[in-house]
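Student: Here the protein sequences come in this chain order: A and B.
For the first sequence, the working numbering begins at 1 and goes up steadily by one.
For the second sequence, the working numbering begins at 1 and goes up steadily by one.
Calculated from the structure, these hints are not laboratory results.
Among the hints, erroneous ones may be present.
Cβ pair distances, simulated, as ranges [as the list claims (entries may be wrong)]:
| no. | chain 1 | residue 1 | chain 2 | residue 2 | range |
| --- | --- | --- | --- | --- | --- |
| 1 | A | 54 | B | 15 | 34 to 42 Å |
| 2 | B | 18 | A | 41 | 22 to 30 Å |
| 3 | A | 67 | B | 20 | 41 to 49 Å |
| 4 | B | 9 | A | 60 | 33 to 41 Å |
| 5 | B | 20 | A | 53 | 39 to 47 Å |
| 6 | B | 84 | A | 101 | 40 to 48 Å |
| 7 | A | 2 | B | 18 | 44 to 52 Å |
| 8 | A | 67 | B | 14 | 44 to 52 Å |
| 9 | A | 16 | B | 56 | 36 to 44 Å |
| 10 | B | 40 | A | 62 | 41 to 49 Å |
| 11 | B | 112 | A | 97 | 27 to 35 Å |
| 12 | B | 112 | A | 71 | 17 to 25 Å |
| 13 | B | 14 | A | 9 | 46 to 54 Å |
The structure presented is a predicted model; accordingly, all values stated were derived computationally and were not measured.
Idealized CB from N, CA, C, for every residue including glycine.
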Amino acid sequence: DGGITQSPKYLFRKEGQNVTLSCEQNLNHDAMYWYRQDPGQGLRLIYYSQIVNDFQKGDIAEGYSVSREKKESFPLTVTSAQKNPTAFYLCASDGGGGYSNQPQHFGDGTRLSIL
Amino acid sequence: AQSVAQPEDQVNVAEGNPLTVKCTYSVSGNPYLFWYVQYPNRGLQFLLKYITGDNLVKGSYGFEAEFNKSQTSFHLKKPSALVSDSALYFCAVRDTGNQFYFGTGTSLTVIP
């Protein structure tokens, strides 16, 4: 079945450490997104990519970095500069601008906590 | 500024009763509207969407939503609630610039 796979499901970060969250999709979607979810705040956009080798900052990009070397993959690195990384991270994808009447598809998330 | 509002953080309804989860939006142009459901420690699952045409759209699991252009609302409804409908519900809007905006979510509890 087509879908989005996020790994790991749970992740713990030590102070000063960078950690990378994986997101892989087999939906042949051009666009991919990373959201952060905190209780009561809904979803906030971290980064998005409309095409391979290109990405843009979202509303809360500070302390995060991404790459888009392959269409299927959009990993997110939470750097040590992100002082409050504890949250639920969601990856999503869709067909891009030509398919704006289609919904975004979501992975099952990664829950990141600080040790 | 573009925005989506879900005015109720929490909605409680008795099993078998009709349920409504409210959503209003402030987006220029003719946006596309979506509802998603989220179960604990899971991603968002698509329920239904409004693109154009009939103001009442039907979706998964017996849910429907009514689009009201004059009130800029897109309320989610179900005629008879199930305990298994208890979850977090998100309204989302996609504007003409292809930007997605999500509401802050409404937690629905269906009481047996």
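Student: Hint by hint, note whether the structure agrees.
Tutor: Verification of the supplied hints:
| no. | hint | verdict |
| --- | --- | --- |
| 1 | A:54 <-> B:15: 34 to 42 Å | 49 Å, violated |
| 2 | B:18 <-> A:41: 22 to 30 Å | 29 Å, holds |
| 3 | A:67 <-> B:20: 41 to 49 Å | 43 Å, holds |
| 4 | B:9 <-> A:60: 33 to 41 Å | 21 Å, violated |
| 5 | B:20 <-> A:53: 39 to 47 Å | 45 Å, holds |
| 6 | B:84 <-> A:101: 40 to 48 Å | 29 Å, violated |
| 7 | A:2 <-> B:18: 44 to 52 Å | 34 Å, violated |
| 8 | A:67 <-> B:14: 44 to 52 Å | 49 Å, holds |
| 9 | A:16 <-> B:56: 36 to 44 Å | 54 Å, violated |
| 10 | B:40 <-> A:62: 41 to 49 Å | 29 Å, violated |
| 11 | B:112 <-> A:97: 27 to 35 Å | 45 Å, violated |
| 12 | B:112 <-> A:71: 17 to 25 Å | 46 Å, violated |
| 13 | B:14 <-> A:9: 46 to 54 Å | 34 Å, violated |
Comparing the model with each numbered hint stated earlier shows that hints 1, 4, 6, 7, 9, 10, 11, 12 and 13 do not hold.
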